[in-house]
Amino acid sequence: MNHTAGNNDGSMFQIRIHGRGGQGVVSGAEMLSVAAFLEGRYAQAFPSFGAERMGAPVMAFCRIDDMEIRLREPVLVPDALIVQDPTLLDQVDLFNGLHAHGYILINSARGFDALGLKDFARRFRRERLRTVPATEIALRHVRRPLPNTALLGGFAALTGQVGLASVVAAIREKFPHALAEPNVAAAAEAFAAVSRDLEKADA
Amino acid sequence: MLEQIEGSHAVAKAVALCRPQVICAYPITPQTHIVEHVGEMVKSGELAGCEFINAESEFAALSVAIGASAAGARSYTATSGQGLLFMAEAVYNAAGLGLPIVMTIGNRAIGAPINIWNDHSDSMAMRDAGWIQLFAENNQEALDLHIQAFRIAEELSCPVMVCVDGFILTHAYERVDVPTQAQVDAFLPPFEPRQILDPREPVSMGAMVGPEAFTEVRYLAHHKQLRALQLIPQLSTAFATQFGRASGGLLRPYRTSDAETIVVALGSVIGTVQEVVDEMRCDGVKIGAVSICSFRPFPLTALRALLMRARRVVVLEKCLAVGLGGIVSDGVRNSLSGIQLKGYTVIAGLGGRVITRASLRQLFEDAGRDELEQVTFLDLNAEVVNFELEREQVSRRSGPTAEAILRRLGTIGSQVG
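In order, the protein sequences belong to chains A and B. Residues in the first sequence are numbered consecutively from 1, following this note's numbering. Residues in the second sequence are numbered consecutively from 1, following this note's numbering.
The reader is advised that the hints may include incorrect statements.
[What the hints assert, rightly or not] Pairs of lysine to aspartate or glutamate, EDC-like flavour, derived with a Cα cap of 20 Å:
1. A:K174 / B:D177
2. A:K174 / B:E40
3. B:K286 / B:E365
4. B:K342 / B:D330
5. A:K174 / B:E3
6. A:K174 / B:E36
7. B:K342 / B:E365
Since the hints were derived computationally from the structure, they do not count as laboratory data.
Bound conformation, chain B alone (with noise of 0.2 Å):
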């Protein structure tokens, strides 16, 4: 049925249907919104045969989902952040010992400067977990990939995160088209884990595991991984035929096919990227789009594919690898080995920072040009940047950066842009 929803609130529908029996959390912001509304579904019968358990912190909330999932429970958790930093083992742990435990990441910065508002630093900062990451372009795909990712965590036994970004999505109100129970029960059969702890059948599991079995043991995670390279764009097609829309994937490319320029992007951003696209076209430059939402595993062949004919590939990151540059553009680079094309990094939307389709249009056609530095910061403000390392170099004792930048900058609550 057509609503016209928040994005949580589509998300926490999603997750109800799936018919999860454990739920724990811990609230954080822009996260919290899903576990309200999936607590209150349970509160209220909505959701019935589900426990419901809020959590003392973000670790207990994924090591309660760890258990829960072991013991043979459907289990769901939702994070942001430095929440997700703060789960780090326990999010190691659920890869490690291959529990399809499904997790929202409502996608935030991570701190110091405290920021609460939208980037994809979290999710990155956990890419080489063992965790399958899906990323959502809108509400609807958000909604729908929670629905594939039960399927594929529990067909592969890999815990899968569906990213979707904070604010940006997450508290959108937009137009979702909600399946209903037959259709969702019709797609995601019960969980029949692959491992369980039964007490008439005892199993140990995370038992210590030395130098003789550790590399095998990682190299069936990384096995597993690169089957659901195979799974992930078969179950978007059975979800496309089920439920009469595409979702998910590896990836989505945007009037690629003759394109000299070809800009890869992951989540919200696209839709944006998709009207500069569009606005471009318009003007006869040959440019496109490719939208990654699986970046774990990560379609190095499907992408190699997409950019082969291209001439120059400009990566659009919400993250940063600090003293390299691009964290989605290391994988890029990876597919493109043996092809010769200009490749640029550029970081942007950092800490909510607003993506504009006038910013990203000067930005596409600087890359037109090849006019771009190898790595650019969209929209980075020189004046103050200029002005703190000025300031450093007058004084040794300086003083906090973060502080002396927002009192340069004055009162922002006027600015609209």
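If we strip away everything but chain A, and leave its shape as in the complex, we get (with noise of 0.2 Å):
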């Protein structure tokens, strides 16, 4: 396909966000689109069109602007990616469209180089590059290998562009209490190390 309508305009930002069927991929869209709306923001968040299937590769996306937002096609330039299962790294052609600007967060205990990106790290801007141990985190206070909600608060940290209290209270938003509060904790406790990463970097 062809890519020629190239960057973005003005204010909007545009997240693509792989993942696996049943990891949460279509809801952590959602909830970044609400935490937007909470902060005033216009906000889209749609998932792809294609397999359904417990583990199949599928992704979703989410658009934040100060203006209404009228575009429908696929993220297909993003300013940001959220990795939510590593093993599509080798699979699917995850980086398709992100410019030389752009934001990666992957969910991974191990870094960019460990990965086997440290050539491909390159072509970006290090500091906005990322990893997080989002299934870990999420085993901790979830119990369940579900990454979605730290990976936002993993995001939220990196691009600033939602705050952690607006992910927070998108959370709060879709769980029901019980199962809210958990992912409360996991979404503070990836902000709070990815923002720890990114002090340590400018230090």
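Two independent chains are provided; combine them into the complex using the hints.
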């Protein structure tokens, strides 16, 4: 497919989330849109139109803007990628369309070098590439390997597109209380981990 | 109140605000979330005075709505794709009887091959059944059109389909302004049926009608839709006054006043079309777009007035009249009687095929140079088509087409666009 449409104009920020069916990829995008909405911005979240099986590679999209969003195409030129499952790295063209100033957040306890992305990472701004062990964090708090809420916390820290408080509010809107609080804890821990990591890199 | 919710949820809230008395449904993707949400609202008591009936099929669901509506209840159902086809006989009956049922269509392709994704084949298959058909551009309009639909349906005693693009809208989270109950009550008075099954004043409905009267009954159905051509814009204006935003109406022009090329489309794709129009306007191209909200009745006169000064029209449609080309194009061509301008039909977005800005830009540029075929299939994979045609020539027993193409394409789970 032709990607000549180029980078996004103005204030629009586009996120593509990659994962596998059953990992909460779509609800992650939905919660992100709610978080942006709570900050008074326009947001749009929608699933990709493909296989809907447990374990199959899936995508979801989120756009955030200061104006009403009319565009309905999938996010082809993302400003940020969230990779919920690092086993997709070899299977899916995850980075398709990502521009040189884009952000990448990968769910992994390992860094970009250890993931075999050392050369690849040189094409991007180092401070915009981060990994966070979202599954481990989720297992500790939620007791299930659902990394989406932790990754939203990490995304807030990495990009500043939404604040942690809005992510927390979006999680509480999505889940009933008993399920929301462990997810809130996971998001907060990932937010703290990515923030620390960024400060370390700054120092 | 502003809310960031799924399209299906927005539609469900709108339906509930319209105080339906009977909702019957049978689940089918991508419409399911709508009836799930209204079902929850009935169960929780949030939607009071409403009976929710799980039917055993789509045919039964609409049949129950017909019975309920004939008994004087404000009735609602929803379906998608194959489900609408399974209803087909009842779809004609609801219109033939003049029962003001409102039905949401979560637009979905028609099989075979089986496909759950969006196009307009389902609604288009029922376009001549006598229902009014309104297409939503976005989730705000999807919400608003349901409120207007009950009013239109009940004023005319005619059923209305609100067509909402499956997944693209039904499953999209976006900002919607959900009106208050008081606002909706002020716009939509209680249902006062023109005809009602009442044991105290018995009437027959659905009698056998022979050649002596069938034409007249049909003419009156047509006449009713012609009246809707007046009523739909009137109610859209009344809605704007009361709710403070424009929704509905017959059609909506976008940058058409000096346009040489005008793109005509229905439903959610218009947003992407408008983006491309803006891009091309920045480059000095005189291009505009028209979104048709009311496909039935078809706004021949209003469309003609917009297209009159253009040089060419590109009809972008998510459906295909196999063996002819476009379905929407047919109506557009009717509106052009006596006007000289070039017309192109573009079939796009079938079975959920993504419609990108890049592809539209290329398409509109080709149109501007009058280098389009009469009928174009946007982003058609010619390599796969030719491979399949050659294969069929080589072997008599070439086997099923769809499965051969899937094998040729290999795994597609990894594709983004």
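Okay, the hints, checked on the actual structure:
{"no.": "1", "hint": "A:K174 / B:D177", "verdict": "holds (19 Å)"}
{"no.": "2", "hint": "A:K174 / B:E40", "verdict": "holds (16 Å)"}
{"no.": "3", "hint": "B:K286 / B:E365", "verdict": "holds (11 Å)"}
{"no.": "4", "hint": "B:K342 / B:D330", "verdict": "holds (14 Å)"}
{"no.": "5", "hint": "A:K174 / B:E3", "verdict": "holds (13 Å)"}
{"no.": "6", "hint": "A:K174 / B:E36", "verdict": "holds (16 Å)"}
{"no.": "7", "hint": "B:K342 / B:E365", "verdict": "holds (14 Å)"}
The structure is consistent with each of the numbered hints, conforming to all of them.
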